[in-house]
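Enquirer: Residue strings, one per chain:
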Amino acid sequence: MNEEKHILTMLVDNKPGVLSRVVGLFSGRGFNIESLCVAPTVDPAVSRITIVTKANEPLMEQIEKQLRKLINVIKLRDMTGPRAVKREMALICVSAKPKNRDEILRIVDIFRCKVVDVGPEFYTIEATGDAGKMKALVNLLLPMGIKKIARTGAIALYREPH
Amino acid sequence: MKITGAQVLMEVFKEEHVDTIFGFPGGMVIDIYDEMLNTDIRHILVRHEQGAVHAADGYARATGKVGVCLVTSGPGATNTVTGIATAYMDSIPLVVITGQVPTHLIGNDAFQEVDIVGITRPCTKHNYLVTDVDELAQVLKEAFHIARSGRPGPVLVDIPKNVSMGKTTYASLGNIKIKSYNPTYQPHQKQLHKVVKLIKKSERPLIFAGGGVLLSGAAEELIHLARRIRIPVTMSLMGLGGFPGSDPLSLGMLGMHGTYRANMCTGACDLLIGVGVRFDDRVTGKTDCFAAQAKIVHIDIDPTSLRKNVPVAVPVVGDCKISLQLLNQLLDEENLEEISAQHQPWLDQIEEWKQAHKLDYHPNEEVIKPQYVIEKLYQLTGGNAIITTEVGQNQMWTAQYFHFDRPRQLLTSGGLGTMGFGLPAAIGAQAAFPERLVVDVAGDGSIQMNIQEMATAVQYSLPVKVVILNNCYLGMVRQWQQLFYSKRYACTCMENAPDFVKLAEAFGALGLRATKPHEVEAVLAEGLGTPRPVIMDFVVEQEECVYPMVPAGAPITEMLLS
Numbered sequence: 001m002n003e004e005k006h007i008l009t010m011l012v013d014n015k016p017g018v019l020s021r022v023v024g025l026f027s028g029r030g031f032n033i034e035s036l037c038v039a040p041t042v043d044p045a046v047s048r049i050t051i052v053t054k055a056n057e058p059l060m061e062q063i064e065k066q067l068r069k070l071i072n073v074i075k076l077r078d079m080t081g082p083r084a085v086k087r088e089m090a091l092i093c094v095s096a097k098p099k100n101r102d103e104i105l106r107i108v109d110i111f112r113c114k115v116v117d118v119g120p121e122f123y124t125i126e127a128t129g130d131a132g133k134m135k136a137l138v139n140l141l142l143p144m145g146i147k148k149i150a151r152t153g154a155i156a157l158y159r160e161p162h
Numbered sequence: 163m164k165i166t167g168a169q170v171l172m173e174v175f176k177e178e179h180v181d182t183i184f185g186f187p188g189g190m191v192i193d194i195y196d197e198m199l200n201t202d203i204r205h206i207l208v209r210h211e212q213g214a215v216h217a218a219d220g221y222a223r224a225t226g227k228v229g230v231c232l233v234t235s236g237p238g239a240t241n242t243v244t245g246i247a248t249a250y251m252d253s254i255p256l257v258v259i260t261g262q263v264p265t266h267l268i269g270n271d272a273f274q275e276v277d278i279v280g281i282t283r284p285c286t287k288h289n290y291l292v293t294d295v296d297e298l299a300q301v302l303k304e305a306f307h308i309a310r311s312g313r314p315g316p317v318l319v320d321i322p323k324n325v326s327m328g329k330t331t332y333a334s335l336g337n338i339k340i341k342s343y344n345p346t347y348q349p350h351q352k353q354l355h356k357v358v359k360l361i362k363k364s365e366r367p368l369i370f371a372g373g374g375v376l377l378s379g380a381a382e383e384l385i386h387l388a389r390r391i392r393i394p395v396t397m398s399l400m401g402l403g404g405f406p407g408s409d410p411l412s413l414g415m416l417g418m419h420g421t422y423r424a425n426m427c428t429g430a431c432d433l434l435i436g437v438g439v440r441f442d443d444r445v446t447g448k449t450d451c452f453a454a455q456a457k458i459v460h461i462d463i464d465p466t467s468l469r470k471n472v473p474v475a476v477p478v479v480g481d482c483k484i485s486l487q488l489l490n491q492l493l494d495e496e497n498l499e500e501i502s503a504q505h506q507p508w509l510d511q512i513e514e515w516k517q518a519h520k521l522d523y524h525p526n527e528e529v530i531k532p533q534y535v536i537e538k539l540y541q542l543t544g545g546n547a548i549i550t551t552e553v554g555q556n557q558m559w560t561a562q563y564f565h566f567d568r569p570r571q572l573l574t575s576g577g578l579g580t581m582g583f584g585l586p587a588a589i590g591a592q593a594a595f596p597e598r599l600v601v602d603v604a605g606d607g608s609i610q611m612n613i614q615e616m617a618t619a620v621q622y623s624l625p626v627k628v629v630i631l632n633n634c635y636l637g638m639v640r641q642w643q644q645l646f647y648s649k650r651y652a653c654t655c656m657e658n659a660p661d662f663v664k665l666a667e668a669f670g671a672l673g674l675r676a677t678k679p680h681e682v683e684a685v686l687a688e689g690l691g692t693p694r695p696v697i698m699d700f701v702v703e704q705e706e707c708v709y710p711m712v713p714a715g716a717p718i719t720e721m722l723l724s
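Chain order of the listed sequences is P and C. So for the first sequence, this note's numbering puts the first residue at 1; every next one is plus one. So for the second sequence, this note's numbering puts the first residue at 163; every next one is plus one.
Watch out, some of these pointers could steer you wrong.
[Said to hold, decoys possible] Simulated pairs of lysine-lysine, BS3-like, Cα-Cα distance not exceeding 25 Å:
#1 P:K65 with C:K356
#2 P:K69 with C:K329
#3 C:K341 with P:K15
#4 C:K339 with P:K69
#5 C:K176 with C:K356
In short, the hints are calculated from the structure, not lab data.
Produce the entire structure from the sequences given, and follow the hints as far as they go.
Expert: Right under this line is the structure:
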């Protein structure tokens, strides 16, 4: 059966050890984590965890059920598909030789990124977007020489009904 | 008025009707122990913390109540891990209280500090570190609630010394609710209608009952269901006793060492109704071939059990007892005689299988056969004892040759397969039922894993009986070596075992031995009739194997029969 990428978000109790329960479940049962984001919501007692995982359909069913079984998981939703907005963020330090500087700035402009740090030999770019955009941006910057990159995993929210 | 954390603990114990605690004191629980002296709670001092958890587990399995144990921090806590994992795998409700170093020392590698919450996270249903005495009552109430509700399991509460010494105001919390924890007891009616439809169509139905039947107290409903439309019942190891083993509709246990007829039925049935089971690999064999002709109905309270190991046509999430009650109500509307009649050819076929290969062994006049000891034990107890087992051949022969007619009669480590479980579990069961006969069937290997608990049995006059099937081997591993590793007995020979008779006497118990078949009955009769702890050492055939046997990973219908 085909493995597909899924974005799961869950509301959890904002207590010590809760992240470890979630992550331990994945490692203990051999589930895969591609990326992970955690931060409190507006309610300080509740955090939102977003996990990108790859699994076939029956395994996905197990992952969701196992997560729901955790006492500290309040709510869980699969955000895969167009009904949710997804974003990732990256900070990319790219080598910026004089011959490349204009091209890099054009790319920054096209991708609506920001240059947040400048040096004689580099730009550090702040970029946000969905997974496809981030991949395209990285591919374009690779030939210039990416010195360092820091990326977040995806976060997602369901679109509110209009 | 303010009371201490230790007093809060006692208040909650009282509210939760805790009458017996199994434990072992230490520096970080000394305040709790001190407070316990002011209560009526009976504390049973074990000799090793693993024994405390298994004893609480045995108590819980025998009574259906939550088992409680109390140990100190560090090594006291880590010694509980095997016991906790054992209870977790078999869904046994336990509350394990561990002491912890004071909160200001946590993380400092203090004396006897260990992150027991981190260590037991994957083998508890839930666990807690209490950092504030004001939260203690709530946490303890939640712990009992979680342990006993839904699919039961062990819950660990780690209490730092300054929390048990700290003061707080206390008011009873009554029944509590947890926002994110709502087990589904009530099954979907729609799913049950589908089950009835399948039952009506089925010519070769089979019920497969597991530990969930015992945990939810669904035996009566199961018996009603099976008898009224004559559906044969097979059981997992954990399910034995959920349906009377001596009932003609009982096929006995299925799986790796299941009966021939139970395994053949599984291969041939057209409808398999799993009740409170999880389709463990020891039951299914090769999953692709398991019940390949059948539509599978699976009733369980834990949604993660459904469709985990085998494809399921009709999943029913719900409490086994409630689900079977509702199913029986729906069947009231049907023509039961007609349904029952259409199973006749199937029952005839099963009878043929039964006659073709009964559970059997070659009796011997010179050497005691282990199966013979179990048969005699069954006869002499009239099938009425509570039986615990260790793990391995002793466990399988007990499952095969002792016919359990009632729930909570067999206490055995099914999921984790923990050697050393039987004796402390027997002590726990005996503590709950002082008047009943409690027998631990053991091997010479496994009994040595927690033999120190004989001292506990003697100290508290808990007259448990230990039956050792002594073959000088780690028998089940030796059997695998014989059958699959060209008889290369790597490290399975237990030479230099202690003299169990003298050992029993050293503990202050009675020790008896039989070396010839004709002595078996007399030794059993004397041992079972003695009103104090007894070890009976049966020197049995060394290289006897448990049959039938399905080699690991093979289809369940492909059995080695001798």
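Enquirer: Decide, hint by hint, whether the structure agrees.
Expert: Evaluation of the provided hints:
no., hint, verdict
1, P:K65 with C:K356, "holds (23 Å)"
2, P:K69 with C:K329, "violated (34 Å)"
3, C:K341 with P:K15, "holds (15 Å)"
4, C:K339 with P:K69, "holds (16 Å)"
5, C:K176 with C:K356, "violated (45 Å)"
In summary, the numbered hints that this structure violates are 2, 5.
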